[in-house]
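Student: Read off the chains here:
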Amino acid sequence: MNTIRLVKDDLRPPGPPPEKRHVISVADLTRDDVERLLSTAQTFASSLDRSVKKLPTLKGYLVINLFYESSTRTSSSFELAAKRLSADTLNVKAAGSAVDKGESLKDTALTLGAYDPDVIVIRHPHIGAPQLVARVTDAHIVNAGDGKHQHPTQALLDLYTLNEEFGHLEGLHVAIVGDVLHSRVARSLLQAFELVGVRCTLVGPPALLPRGLGAEATSEIEAIRSADVVYVLRMQNERMQPGANFIPSLREYTARWGVTPERLRQGQKVMHPGPMNRGVEIDPRVADAPESLVTTEVRSGLVVRMAVLYDVLTGGPVGVEALTTAEVA
Amino acid sequence: MSDVLWQRELPGADLVIRGARVLDPVEQIDAELEVRIDGGTIVEVAEEVDANEHRVVHAEGLVLAPAFVDPHVHLRTPGREDEETVASGTAAAAAGGYCAILAMPNTDPVVDSAATLGALVETARHEAEIPVGFLAAITRGQRGEELTEMAELAESGAIAFSDDGRPVASAAMMRRALQYATITGRLLALHCEEPSLSHGGHVHEGRVAAELGFAGYPSVAESVMVERDLALAGYESGRIHILHLSATESVDALRRAKAAGIAASGEATPHHLVLTDEAVRSLDPNVKMNPPLRAEQDRLALLDALRDGTIEAVASDHAPHATHEKEVPFEAAPFGVTGLETAFAVLHTHLVRAGVLPLETLLERMSAGPARIYGLERPRIAAGAPANLVLLDLEAEWRVGEEPFRSRSSNSWLLGEKLTGAVRLTLAGGATVFEATAVPA
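From first to last, the protein sequence lines stand for chains A and B.
Under our numbering, the first residue of the first sequence carries the number 1, and numbering increases by one thereafter.
Under our numbering, the first residue of the second sequence carries the number 330, and numbering increases by one thereafter.
Since the hints were derived computationally from the structure, they do not count as laboratory data.
Cβ atoms here follow ideal geometry from the backbone N, Cα and C, with glycine treated the same way.
Treat the hints with caution; some may be incorrect.
[Unchecked claim] If we take Cβ atoms under 8 Å as the criterion, some of the chain A residues that face chain B in the derived model are:
no. : residue
1   : LEU48
2   : HIS124
3   : HIS126
4   : GLY147
5   : ARG184
6   : LEU213
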């Protein structure tokens, strides 16, 4: 366990970071970055066992959550993560804002940028939206999901969950089942697994497995049995354009690829990024079984997002020197 | 063909060009010669010509070649004059070394009536810096439902017909268009895209799209339409020209069709000849175009076809867009990039200097090739020919965007790139239409 020295009250961590740090894509992270973030998250996790859960670490910082898509888990955990670290938070949702009046992303970003936020957490239906906000504001950008491209904090929290559950990452085998084509979670996970040495098998209907991804892939659901963990993706109905015919029907999908107790080994762990369609991609008996790590993932989300906010703002590894410190853990 | 190209009235140049390497691949000239131009007409090409009190351009170390013809330009007029006008687009073309350009009809309103075409021709007569021709739509409003009045449009000056920007989706409509177009003597220039396969796609379906999460626009969406249109053209004995080829399978189909005697031709753009879908990883909206950038094997197939003449023309597909329309996330951005001012330099830099395309071939595909396809008088360096000339400095290095574009738009995929090869002087329709300040006079 690393030791973290947290800055007290209004003293900010020393010195500006060498360059603007963003978390936009897993592709930008190194294995060292991942290990540092996971270990910072562990440190924060132990701090959350105390009766007073709030840390003064990021007091005075402003974190803006800019969400152009609906979200429960991600937006609530970013907000809570910022609050647990004493940062000010501002939540802006596209619905009901000037976006409804046709304001462009650039102009919205410029407007929010005028408040000098330290971090902008953004979720947007278009690939590349975080990069655009990074170009026109001075804030650190954290991508909370851009189109079908990336959702890096989801991948990090899943690595954290796996590590907590198994005690290691290298050598694990994960089967990802379902609509890989439309899944930013799957894309982020594939890159993250590659970084830390987790083997991955993609399983799903042929039209929902993207061509050219270069990963192990099959349409045979039996392939999930050999994995340590079965990672179930949501069937994203809202991404299924009418007449696209990726699959003939949800009924047939469930019959062929639904994750049921019969298709799992005894004790096989199951994950799901949420929200779940019970009875579609995941059998309710699987979702509620003790082998399900779904609520663990949500808890991991909080500490991992605390670690991400801390990391981009302090610009350095855990244990940064400070004048006044408080030891945690 | 003065009845299909229009230019504002400009005085014919009186000029002597000395010291240049005169290079006309079709006339088979490659020698240091002097050229005299009287009143816009080349009157003498010889080892030594009399200056005859004309201005003398000292062009030692430069190459004098037939000026370029761009068969595929979007002038955005009428409708989006904030993005380009006939004046600004032809000025950009002059700076790029062109002596003629052809404008696509996907404007607002679409050029689908003699009245709209007539207004454009009038504008060109007053504003066009270089000769410009106009294609008219194949179907009304480019909706793919009813044929335009092709005969009247041809009489009013349409050089050819195209629904560029979108395909003629119905095979039956394409067949009727091929049948009717024969009475006009004009070809059909085809944007080949099967919309039910490209539907929603922004990026070539391959590794990059899969990794980034873009909806894929597969090669086969182009090639099945190329195959369909070649088959229909063969059946109806029609003449077609395939716009902006991007995929190996399409090129192979065109090669086979030509060998079988079908009257078909093809063009490729500088961006498809230089970039691949790897460029999309930058998420820069200025590498978003239709058809999308494809894989390296496709790029190499285009290059092979350009070399062996299957693809006879380089087309810029100059597609200006307002800055605010491109300052959005990749998926929300419109398709298209500018190219008139960079086409020669980028192909010279990346293909000729890289040793994969002879300079002579590039010059032919940028000038005689497109002229032949559209039945235009071939720009040439010979006594008696109108002066359609470009003076090129093959060693000059410059950075794209450092000097402002003459185009009203700046959505170039080459912003900030260093290129080698620059246009020093352009003569179009006998007039001096562009002269770089660095030219020694």
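Student: Does each hint hold? Answer for all of them.
Tutor: Right, here's what the structure says about each hint:
Checking LEU48 of chain A against chain B: minimum C-beta separation of about 33 Å lies over 8 Å; hint violated. Contact between HIS124 of chain A and chain B, as hinted, is supported at the beta carbon level, the nearest pair being about 7 Å apart and thus within 8 Å. Of the supplied interface hints, the one on HIS126 of chain A holds, with its beta-carbon coming within about 4 Å of a beta-carbon of chain B, less than 8 Å. A hinted interface residue such as GLY147 of chain A counts as satisfied when its beta carbon comes closer than 8 Å to some beta carbon of chain B; here the least separation is about 6 Å, so the hint holds.
Checking ARG184 of chain A against chain B: minimum C-beta separation of about 6 Å stays under 8 Å; hint holds. Hint on LEU213 of chain A holds. Least Cβ distance to chain B is approximately 4 Å, under the 8 Å limit.
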